[in-house]
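Q: Sequence:
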Amino acid sequence: MNQLSSLLSICKVKSEYLWLSPAAEAPHIEQEKNPQGSGVIFFPFCAFLREIVSKMTVYSRESELSGGRRRPARHMVLVFDFGSQVSRLIIRRLRAVGVYAELLSCTATLEEVAAARPAAVVLSGGPSSVYEEGAPHLRREVWQLLQQQQIPILGICYGMQEIVQQLGGSVAGEGPREYGKTEITLSPLPAEPVLDAAAAAAAAEAAAAAADAAAAAAADHWSVPAAHGPTPFLADLFYGIEGPQVTVWMSHGDTVQSLPPGFTTLASTANCPIVAAAAPARGLYTLQFHPEVTHTSCGAQLLRNFAQRVARLPLQWGMQSFLPQQIELLQQQVRGREVIGALSGGVDSTVAAALLHRAIGNRFHGFFIDTGLLRKNEAAETMESLRACFPDLSIECIDASERFFAALKGVKDPEQKRKIIGALFIEVFEESVQKKKIPTKGTLLLQGTLYPDVIESVSFKGPSQTIKTHHNVGGLPEKMQLEVLEPLRDLFKDEVREMGRALGLPEDRILRHPFPGPGLAVRILGEVTRERVLLLQQVDSIFIKHIRQAGLYNQIAQAFAVLLPECLSVGVMGDGRRYECCCVLRAVASEDFMTADWFKLPLLLLDAASSEITNTVRGIGRVLYDCTSKPPATIEWE
Numbered sequence: 001m002n003q004l005s006s007l008l009s010i011c012k013v014k015s016e017y018l019w020l021s022p023a024a025e026a027p028h029i030e031q032e033k034n035p036q037g038s039g040v041i042f043f044p045f046c047a048f049l050r051e052i053v054s055k056m057t058v059y060s061r062e063s064e065l066s067g068g069r070r071r072p073a074r075h076m077v078l079v080f081d082f083g084s085q086v087s088r089l090i091i092r093r094l095r096a097v098g099v100y101a102e103l104l105s106c107t108a109t110l111e112e113v114a115a116a117r118p119a120a121v122v123l124s125g126g127p128s129s130v131y132e133e134g135a136p137h138l139r140r141e142v143w144q145l146l147q148q149q150q151i152p153i154l155g156i157c158y159g160m161q162e163i164v165q166q167l168g169g170s171v172a173g174e175g176p177r178e179y180g181k182t183e184i185t186l187s188p189l190p191a192e193p194v195l196d197a198a199a200a201a202a203a204a205e206a207a208a209a210a211a212d213a214a215a216a217a218a219a220d221h222w223s224v225p226a227a228h229g230p231t232p233f234l235a236d237l238f239y240g241i242e243g244p245q246v247t248v249w250m251s252h253g254d255t256v257q258s259l260p261p262g263f264t265t266l267a268s269t270a271n272c273p274i275v276a277a278a279a280p281a282r283g284l285y286t287l288q289f290h291p292e293v294t295h296t297s298c299g300a301q302l303l304r305n306f307a308q309r310v311a312r313l314p315l316q317w318g319m320q321s322f323l324p325q326q327i328e329l330l331q332q333q334v335r336g337r338e339v340i341g342a343l344s345g346g347v348d349s350t351v352a353a354a355l356l357h358r359a360i361g362n363r364f365h366g367f368f369i370d371t372g373l374l375r376k377n378e379a380a381e382t383m384e385s386l387r388a389c390f391p392d393l394s395i396e397c398i399d400a401s402e403r404f405f406a407a408l409k410g411v412k413d414p415e416q417k418r419k420i421i422g423a424l425f426i427e428v429f430e431e432s433v434q435k436k437k438i439p440t441k442g443t444l445l446l447q448g449t450l451y452p453d454v455i456e457s458v459s460f461k462g463p464s465q466t467i468k469t470h471h472n473v474g475g476l477p478e479k480m481q482l483e484v485l486e487p488l489r490d491l492f493k494d495e496v497r498e499m500g501r502a503l504g505l506p507e508d509r510i511l512r513h514p515f516p517g518p519g520l521a522v523r524i525l526g527e528v529t530r531e532r533v534l535l536l537q538q539v540d541s542i543f544i545k546h547i548r549q550a551g552l553y554n555q556i557a558q559a560f561a562v563l564l565p566e567c568l569s570v571g572v573m574g575d576g577r578r579y580e581c582c583c584v585l586r587a588v589a590s591e592d593f594m595t596a597d598w599f600k601l602p603l604l605l606l607d608a609a610s611s612e613i614t615n616t617v618r619g620i621g622r623v624l625y626d627c628t629s630k631p632p633a634t635i636e637w638e
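Residue numbers (UniProt numbering): 1 to 638.
What the hints contain is simulated information worked out from the structure, not anything from laboratory work.
Note that the Cβ used here is the ideal one computed from N, Cα and C, for glycine as well.
Have a look at the derived ranges for each label pair, beta carbon to beta carbon:
id : residue 1 : residue 2 : range
1  : Gln332    : Arg501    : 21 to 31 Å
2  : Ser105    : Gly410    : 37 to 47 Å
3  : Arg387    : Ser541    : 20 to 30 Å
Only pairs whose alpha carbons sit at most 20 Å apart, straight line, appear in this in silico EDC-like list of lysine to aspartate or glutamate:
id : residue 1 : residue 2
4  : Lys630    : Asp597
5  : Lys436    : Asp392
6  : Lys419    : Glu430
7  : Lys409    : Glu566
Assemble the whole structure, with the sequences as input and the hints as a guide.
A: Printed below as a string of structure tokens:
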């Protein structure tokens, strides 16, 4: 290991972890003692060294494979989840500006955090109060690690209160509560200091000498990428944001009463004097509002500023870097083995299959299971499309609709419907694999799991509460002895579409609206029968036809119809009164499906669709339009 690569080491010095950090804008050297008393030198290195370091990619001696995924070796933002339902939105927004981010529980150990090697950290919001017994907190040793390594930290909502409480400020529940859109006022900031050339040169020379000494001391330790020291300017977080008034999204009952020593107020509201604060010299920035939510007008710019101007991270994340890494990883994981998978024809499974096909060729065997719960003509159209996309790919269609309708007879509870469909789907899939005589031992199972799938299924001890059981996660019988392959697990829907384009898939497949795994069973409120499915298929087909004719399909994130078979409404047909079913039309706009706004369809379109549905679909007497956003509602009705 040469001296320069040694500068990128994380060392364990008397049980303390140390990142050697390149580059803040104002170079300086600071020496202090760790708790054990040994001298530790911290380096925000000079610009020339940062430029060299930024071109290097260094991996640890370890395999870099964690849970079947390769960790990006450099420039990662680690988001600690304290239980907010929108924690993953922070990750999505950071990736959208070009920075890779991952989520970790707020209860993570020192070893887990050190293994992640973050260049910057974000503390999420959460439903707890920091001063209450049992509230989630970062471990003390994690706090020490982050502060010793000068890792820039951004606290959001509960994360702000966590920083304030831990560092000597005060938080209370007596203050005013703020929810929804709120106007904040930015505080006037002092001018940034200007370094003269002589001072910068002297600091650079001293940093280089100290770097040589640190490199020698670190030579025997495993090498990882460096973190980036913070820039000591208050204005960096709000750079480029026009003020002094800015509209943001608030959701807090507790308020910061007093700041820790060294902090400066950055913003206030009419009700709260402290809604943003920072201690720039320590790399600590806090926001009481949520920049990750689209309702905050400057949210993306704030996160970009934190990543680029505070943490000094390059904006390099995207499919151009991720795709070749995933292909290489898949090749390493598969290593000549066979892969099987259930294809739905949706965006996720199609992109996952295309990615695997690019990586391993024809060793993938796909099975399309027709549950009878699909959209109108979907089985035939899906098989035709898949064969057109992958002419040399093994794909088999299995019609199991009768078995699914029999299993769902009399079942009304949505969770029960999901569990029944999931269990039967696995049973049919396993039977199909056995009939094809594919040995399951050593075979891999492809799943199109996405990040939103995970958050809606897993309840952490600090993290998000479970919303519903998701059809893509878990449920595989151990007797199949299959290792799961989830190449899309860390991606959001729009990132999956980007990957599809990079793989050369046709645009109509990439832009197709999502469809739930349980199919129309979760769009029929009540018992699922073949007759009700046929009714809903007709309504849904008419609705989507009118949307396409208006040229709005690609502007809408998801559109579908819901059947309320047990909600009968009176109507007049000819000369008589009739009681028939109600149906609901729903269309939403969303970037990542974690939040969504109802789509304002033209009234003429809704009028035409409603008229055709009531005139041509026997059994539908009333058409409604759902104008509820997420939250408070979910996108699907069940």
